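For the record, the sequence lines run as chains A and B.
Everything in the first sequence is counted per this note's numbering, starting at 1400 for the first residue and increasing by one.
Everything in the second sequence is counted per this note's numbering, starting at 935 for the first residue and increasing by one.
Think of the hints as simulated: they come from the structure by calculation, not from any bench.
Just so we're clear, the structure is a prediction, and the values are computed from it rather than from any experiment.
Heads up, a few of these hints could be off.
As the list claims (entries may be wrong) - Straight-line distance between alpha carbons at most 30 Å, and here's what the computed DSSO-like set of lysine-lysine pairs gives: (1) K1114/B with K1647/A; (2) K1430/A with K1647/A; (3) K1152/B with K1430/A; (4) K1114/B with K1657/A; (5) K1586/A with K1561/A; (6) K1586/A with K1657/A; (7) K1186/B with K973/B; (8) K1657/A with K1647/A; (9) K1114/B with K1430/A; (10) K1528/A with K1561/A; (11) K1561/A with K1657/A; (12) K973/B with K1647/A; (13) K1430/A with K1034/B; (14) K973/B with K1114/B.
Claimed, not checked - With the C-beta cut set under 7 Å, the calculated list includes, among others, these residues of chain B facing chain A: (15) V1059; (16) N1188; (17) C1257.
Note that beta-carbon positions come from the ideal geometry of N, C-alpha and C, so glycine has one too.
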Amino acid sequence: MATDELLPLYRQMLLIRRVEEEAARAYVQGKIGGFLHLYIGQEAIAVGTEAAIQKRDAVITTYRDHGFALARGMSARAVMAELFGRDTGCSRGLGGSMHMFDRENRFYGGHGIVGGHVAVGAGIAFRAKYLQQDDVTLCFFGEGATNIGGFHEGLSLAGLWKLPAVFVCENNLYSMGTPLVRSMPAKDLTDKAAGYSMARDRFDGHDVLHVRDRIREAVERARSGGGPTLVEILTYRFRGHSMSDPGKYRTSEEVEEKKRQHDPVRIARQGLLDAGTPEAELAAVDAGVEDEVRDAVRFADESPPPTLETMYDCVLAPEGGLDA
Amino acid sequence: MREVRYRDALREAMAEEMRRDPTVVLMGEEVGHYQGAYKVTQGLLEEFGDQRVIDTPIAEAGFSGIAVGAAMTGLRPIVEFMTWNFSLVAFDQIVNNAAKMYQMSGGQLPVPVVFRGPNASARQVGSQHSHAVEPFYTNVPGLYVVYPSTPRDAKGLLKTAIRSDNPVVFLEGETLYNAKGEVPEEEELIPFGVARVAREGTDVTVVTWGRPYVTVMKVAEELAERGVSCEVIDPRTLRPLDHETIVESVKKTNRCVVVHEHWPYGGPGAEIVDRVQRDAFDYLDAPILRATNLDVPMPYAIELENEVIVTEARVREAIERVCYLD
Ligand SMILES: Cc1ncc(C[n+]2csc(CCOP(=O)(O)OP(=O)(O)O)c2C)c(N)n1
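Bound conformation, chain A alone:
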């Protein structure tokens, strides 16, 4: 295994983990409000898929979006400041945890209504096909979202028009408090791809390199005109659905067992050690991440909130600005 490939992915996953742990702390301190959906446990998916795509490719996801924002290249500062509701945040403090956006890095949010963004993702891919651009759109959602109309209509059109997209279901086994067995009759949710004559793939999502390698196939298919793929990646979220979820629907033994077996950050770190990376080198990486996170929190703390003027400016775009 090439440690030089794994090391930056490990660092990225650790950054996501640490940013979110600090966000959870800030939430308890009242510096972050509203809903905060943590990605902890699922980091290998955002980082592994990012490693398989190009900067020009597009990503769109749900409210569980901090990991993708960072994986796409957003700074920890911009993420933290958004969580703190500051003008320096990626959405100028107007969006918050659920609505992170970064046009420059082609990260298209951050969406709060389950299923609502799936067709939007297909629309980004539609533009690529129409303009004969060769970028691919990755659209992420949870397994719970595969029951709602928005998902089916998005896939229906993407399948019909062979859009260059990959629809990635992050199956973390629970849709809020509902385990999969109580929310859908299908055991393998890529069965749903058949109805749209779409390619499918299904694999485990705790090893970041494995995620990268497996998703490549679907990305290449989309890029080369082979149409969309429905991919199911099996994962687990270590925290509650959001900060306000007491998580009574699963046992702490189950959660602890998953943490022991499937922690993507730990798996990557162990992989690096096993491949001969010196502990000191990893410690230096860890320390760098700590600095970055501490800096992000300080930056967010010191940034001003958005003004009323910003709020009013962001209702309608100024006419003529797009063509200027």
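Start from chain A and add chain B with the ligand according to the hints.
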């Protein structure tokens, strides 16, 4: 009288009606095993079992349609939206099917269904999760739109809603769930279309509902100390609207302020202004004013959200202006 929380009053209403009528079923996301996202349905699965308290997948259009179909053929479903924001993906079912089935069928098929759940802003949940949906639904003939502001009204109106033979949009104040108030021990059914005078007064009529109800009652208390006597009216049902009670009050006070959380463009707030200016024109001593949420999608930042949600200051200022106080 005993004190009951708003959320518990709602649960009592559902439990009593489910005991009374086996055709009442409850469905929605996390209503059963999870005990309700906002704990309104706590304990109902245990009492009534999973045939009647039904956890659904995330498929609002689907289960709303299921409820309409079941309602037009003999059941009385209660649909819980985890929040009313998510009703927007079921808008077609509510507007095109629930509200029109009776009319389209020439009066053959009544649709006794209740759609209920928390409405309007919570705290910093952003623009997609902060809708006050009452303007969307009050626009539709064929629907009742109910919005209780106190535990007593919550219980009495929900019981009426469940027994109604027509589709009811039942809006609960997200921020009111913990509010405590007196609720009678004995059964009470509160009729639709009857407003409640929440506070008697002589100088100005203030009409309000939902979260701003709390704001208005507080401001009214404060202004009383300064010698301004507010009459506060809670319509309780926004469709049909008890404009008579409002108009009678304005004929007495000669001034009117409407306070609401929905956006200022149209909606029941503007409807009330229209009724008052038509029916009490000769009695008015000042233009009717409204204090509302600001006309923007809800921002996340707390400093901005505090400004957007109708503030005590804006309520006070509107009342002072119609009273020509400075
Ligand atoms: C249309 C709609 N209904 C309900 C909700 C409330 N809600 C938010 S997330 C969620 C569970 C989603 O589960 P899943 O799709 O598996 O994604 P996960 O949260 O596990 O990542 C629910 C019910 C919503 N946001 N939108």
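Check your understanding: In ascending order, which of the hints set out earlier in this document are inconsistent with the structure?
Key -> 4, 7, 11, 13, 16 and 17
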